[in-house]
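Colleague: Sequence:
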Amino acid sequence: MQFSSTLQQSPLVSWEDAILQGLPPDNGLYMPTEIPVLPATFWARVQEMSFIEIAYEVSLAWLGDVIPANVLKDLMMAAYDFEDQVVNLDDDLAILELFHGPSMAFKDFGARFMAQVMTYFLDQRDTNLHILVATSGDTGGAVAKGFFGSKRVKVTILYPKGKVSDIQEKQLTTLGGNIAALEISGTFDDCQAMVKKAFLDQELRDLIPLASANSINMARLLPQAFYYISAYGKLKKIGKPLVFVVPSGNFGNLSAGILAEKMGMPVEGWVAATNANNVVPSYLHSGNFTPIQPSIPTISNAMDVGNPSNFPRLQALFNGNLQAMRSRIHGWGFSDEQTREAMQVIYQKYNYVVCPHTAVGWLGWKAYQESTQSNAFGVVLATAHYAKFLPEVEPTLQTQVAIPERLAQLLSLPKVADAMEPDYNLLKIWLLSTANRH
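Note that this note's numbering numbers the sequence shown so that position 41 is 53, with each residue one more than the last.
If you're looking for bench data, these hints aren't it; they were derived computationally from the structure.
Some clues are possibly wrong.
Label pairs and their in silico Cβ distance ranges [as the list claims (entries may be wrong)]: (1) 411 to 350: 16 to 22 Å; (2) 347 to 29: 39 to 45 Å; (3) 61 to 101: 35 to 41 Å; (4) 250 to 46: 30 to 36 Å; (5) 46 to 410: 49 to 55 Å; (6) 302 to 160: 34 to 40 Å; (7) 61 to 410: 51 to 57 Å; (8) 219 to 410: 50 to 56 Å.
Derived DSBU-like pairs (lysine-lysine); straight-line CA-CA distance at most 35 Å [unchecked claim]: (9) 173 to 208; (10) 246 to 209; (11) 378 to 246; (12) 173 to 440; (13) 209 to 173; (14) 248 to 361; (15) 378 to 274; (16) 209 to 440; (17) 252 to 378; (18) 361 to 85.
Remember, predicted model here, so these are calculated numbers, not experimental data.
Glycine included, each C-beta is placed from N, C-alpha and C at the ideal position.
Build the full structure now, drawing on both the sequences and the hints.
Modeller: Structure, rendered in structure tokens:
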């Protein structure tokens, strides 16, 4: 399998190079030159398969020519000691819980896969790597847990000061070892821009081998397709067409869903549910892509992305055809006030607690039902555990909620992070000065 850049100005590369480089030299995004379609026999028995079996067979279709089958199976076994869970709330609605991994966010699925596959390739090359990643909340914690203790990989995480929850921040800043955190006095978009400049700085890359662990890296994106396929298998017996509702920020999650569809997964359609940073829903309605700069702070902070970096990949999946995208994806943006009201309604109606991001997804499902009058079954993605957002969840619901022990323990740990202005030159100096330290 080969990968090309969405900008078509870089040479084709292999899986190994696409993963270890992260970004192509022309600053586009790597996309496969072809997407494997899983056989009808796979979809006929998917409901009988475990999550690891699904992960293995999908991975084999993508990576079978570069990683031996027996090794790939071992990598999937090592990556996944957790899986998605489907919770039915109504006759036409289920929540796809994606927070049962080590950092209690959906990013664990991608980060754990990436850590295993990337380490395999690094072992084959007998070389090391420095991962540079920007986070709006959950990516950093998942990547930190996924790579913590690796002898091949150092990780530096950039996060926006004051714009992640306390627990999210502790997940980034308390591990130490091969994990370092930079607290940037700016927005997520500032963090992301600094990371992208580092990847395009050939002088820096000649001195430090860099890679990305954001969803701009295909090794983060592909495994997110696993849980869509797993959820389809769990819900196949319902006999209704499915609509997946995706709380969206950087749009890697929705791109992974479209990949699953192109691999053959039956689905009626998709909903992109955003907060006030509604760049893609606005594009779907108007045809104009207008980034929001700076991004708007909201209570669903992991989705506070004003210029979604995966948007070019989403366009590529539809060959740049707006009408084709509109035929598969509906999009809406919602305010903080609407989000809080949704959290209250879901708690009162179902006795089920959701984080603000999941509440945005629920609002997207309601908007889809109202606009289409569809009889489909909605699957709303719960992208993070509600306990990661206690300062917002408890006042909104006017009740105290339980905190999982693994999160509660974090609150007493000391934060270790270097403060930095959103200036790429400062980042470059820091990376060069600490290259041999952490």
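Colleague: Taking 35 Å as the top limit, are the C-alpha atoms of residue 378 and residue 274 close enough?
Modeller: Holds: residue 378 and residue 274 sit about 26 Å apart, inside 35 Å.
Colleague: Going straight from one Cα to the other, do residue 173 and residue 440 come out at no more than 35 Å?
Modeller: holds (19 Å)
Colleague: Can you tell me whether the CB distance of residue 302 to residue 160 sits inside 34 to 40 Å?
Modeller: holds (39 Å)
Colleague: May I ask you to test the hint 16 to 22 Å on the CB atoms belonging to residue 411 and residue 350?
Modeller: holds (20 Å)
Colleague: CA of residue 246 to CA of residue 209, is that 35 Å or under?
Modeller: Status violated; Cα separation ~42 Å.
Colleague: With a cut-off of 35 Å on the C-alpha distance, tell me whether residue 248 and residue 361 pass.
Modeller: Answer holds: residue 248 to residue 361 is near 26 Å, not above 35 Å.
Colleague: With the threshold set at 35 Å, check whether the alpha-carbon distance from residue 252 to residue 378 stays at or below it.
Modeller: The given pair, whose Cα atoms are some 17 Å apart, holds under the 35 Å limit.
Colleague: Honestly, do residue 46 and residue 410 meet the 49 to 55 Å range at C-beta?
Modeller: holds (52 Å)
Colleague: Is the straight-line distance between the alpha-carbon of residue 378 and that of residue 246 35 Å or less?
Modeller: holds (22 Å)
Colleague: Starting from residue 209, check that the Cα of residue 440 is at most 35 Å away, please.
Modeller: holds (9 Å)
Colleague: Honestly, do residue 61 and residue 101 meet the 35 to 41 Å range at C-beta?
Modeller: violated (25 Å)
Colleague: Go ahead and decide if the range 50 to 56 Å is satisfied by the Cβ distance of residue 219 to residue 410.
Modeller: Since residue 219 and residue 410 have Cβ atoms about 54 Å apart, the given range 50 to 56 Å holds.
In summary, the structure is inconsistent with hints 3, 7, 10, 18 from the numbered list given earlier, while agreeing with the others.
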